[in-house]
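Residue numbers (the numbering used here), protein chains in the order written: chain A, 426 to 651; chain B, 161 to 427.
No lab work stands behind these hints: they were computed from the structure.
One or more of the hints may lead you astray.
Restraint ranges, calculated between C-beta atoms of paired labels, are given here [claimed, not checked]:
id	chain 1	residue 1	chain 2	residue 2	range
1	B	A335	A	K435	22 to 32 angstroms
2	A	E577	B	A220	34 to 44 angstroms
3	A	I478	B	G296	40 to 50 angstroms
4	A	A549	B	M164	48 to 58 angstroms
5	B	A335	A	S482	26 to 36 angstroms
6	A	C532	B	G296	52 to 62 angstroms
7	A	E440	B	G296	46 to 56 angstroms
8	A	Q592	B	R195	44 to 54 angstroms
9	A	K544	B	F308	25 to 35 angstroms
Predicted model only: the values in this text are computed from it and were never measured.
All C-beta atoms in this analysis are idealised placements derived from N, C-alpha and C, irrespective of residue type, glycine included.
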Amino acid sequence: MALLELTKLKLGYGENIVIKDATLALEQGDFVCVVGTNGAGKSTLIRGILGLIEPRSGKIKYGEGLDKTKIGYLPQDLRTDANFPATVEEIVQTGCLGHMKFRPFYCHSEREHVKRSLKTLGIADLAKKSYMKLSGGQRQKVLLARSLSATEKLLILDEPSNNLDYQSRKSFYATLKKLNSEQNLTIIMITHDLDADDLIGDKVIAINDGVVKITTTKEYLEGYRK
Amino acid sequence: MIEMFSYPFMMRALLVGVLISICAALVGVSLVLRRNSMIGDGLSHTAFSAFALATVLGVAPLYFALPIVIAMSFFVLRLSQNRKLHGDAAIAILSASSLAIGTMAISLSKGVNIDLNSYLFGSILSVSWADVILSGILALVIFMLYLFAYHRIFAITFDEEFAKSVGVKTGIYDAIFAAICSVIIVLGMRLLGSLLISSLIIFPTLTAMRLKRTFRGIVLVSTLVSVIAFIIGLVLSYILATPTGATVVIVNLVVFIISVLIQKIID
């Protein structure tokens, strides 16, 4: 059974239908980059998968052990305030909220999960540090750790390399590849532009005029060069 | 000082003031950090208008103003969330219009004796035992909310989109906060005045942000600062015979300036 299956999915805001037809299936361990011009509907597609907007028609089917609140989401960096007064641990813990139901406090296993997420990304020493004291690259890792705390199956990243310099971006992509190969995490990542260096996944979801198509990265690049 | 609290009106003012200070500080942390602090300002002017209309119509101001301000808070919330509108400009229009409606209602009413100053700048004599009870209930509600939903409130304040993605019902929390904010303003404006009440929501958080770097720290320090500043302001206003609202705000301002200086020394 596929981890995520979209069937004739239609998404939009008000009168405006942004995604006209999305039909695809992703397996556990897929690493998919989402490409398309500005306004093509990349963010709309992932907001639909996350359940942040209701589909106009069509279906989203989540695989075993996955539901929309157990997806690790990394929104665009601009959404969060770099000067927000919080410790790294406080922020990463919020990833566990999807598992809490009506419980008011984090349980032991959730706290352990948070520790593991921080350790996996090599930032365990930052746990008690203030978020506002971190560099851009460190902040991005903290937000990724928060996403990891939310899921064991699927990560969705919205233009994660936007505000990173070349070195930080390279290191961030290496971390993603490692998570994908070692933990068999499925990753869906929106890339900022069509730079081949950003297409680090094995598949590409291309959005053109509201129509969503999935191909292998190799096929996509060959088609793009032509 | 003990003598001043032997007067029942002073005791009522102290109780309502302390309870409202706690509530305002707790709600203020989330509103200020989400850059929604102007909502308090807009609602306080609406409350002024509602109180003026209630007096002109001869109905109980508290029970007339409460539903109106709560309804308006939901409207303001929608305005501030609408990306197509300039939320701050919409709130400014609401503030000015509300003040104008209130003032017009008072000026057009014949034979109704209204002390405009007490609405605008507050009067500790107008605080009743019903206000004390309502403030107590409100404080209990907010305390329970923070106790049982602290992590969710934190998540919404830091990153609403992410909080939504992990299943937090952000719309419900927004509505609860807007309603609580309305009740704080309606109860607090009789004490501090409609022009000054929103400062009780904003100042303590701004002060705490200079002294603490964690959300939990800011919640605790802002609550403490809010209560202490209110008590000092109330006592000073009694000793100096100055308006309570203005004195409390000036104490908050002084505490804020001190916190800025402390931050500069630490950094």
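Hints and how they fare:
Look at A335(B) against K435(A): about 29 angstroms separates their beta carbons, and that is inside 22 to 32 angstroms. Remark: the range hint 34 to 44 angstroms for E577(A) to A220(B) is contradicted by a beta-carbon distance near 56 angstroms. Hint check: I478(A) to G296(B), Cβ distance near 41 angstroms, so the stated range 40 to 50 angstroms holds. Against the hinted window of 48 to 58 angstroms, the Cβ-Cβ separation of A549(A) and M164(B) comes to about 55 angstroms, which satisfies the hint.
Take A335(B) and S482(A): their Cβ atoms lie about 29 angstroms apart, and the range 26 to 36 angstroms holds. About 33 angstroms separates the C-beta atoms of C532(A) and G296(B), a value inconsistent with the hinted range of 52 to 62 angstroms. Here the CB-CB span from E440(A) to G296(B) is close to 48 angstroms, well matched to the stated 46 to 56 angstroms. For the hinted restraint 44 to 54 angstroms between Q592(A) and R195(B), the CB-CB distance of approximately 32 angstroms leaves it violated.
Between K544(A) and F308(B) the CB atoms are about 30 angstroms apart, so this pair conforms to the stated range of 25 to 35 angstroms.
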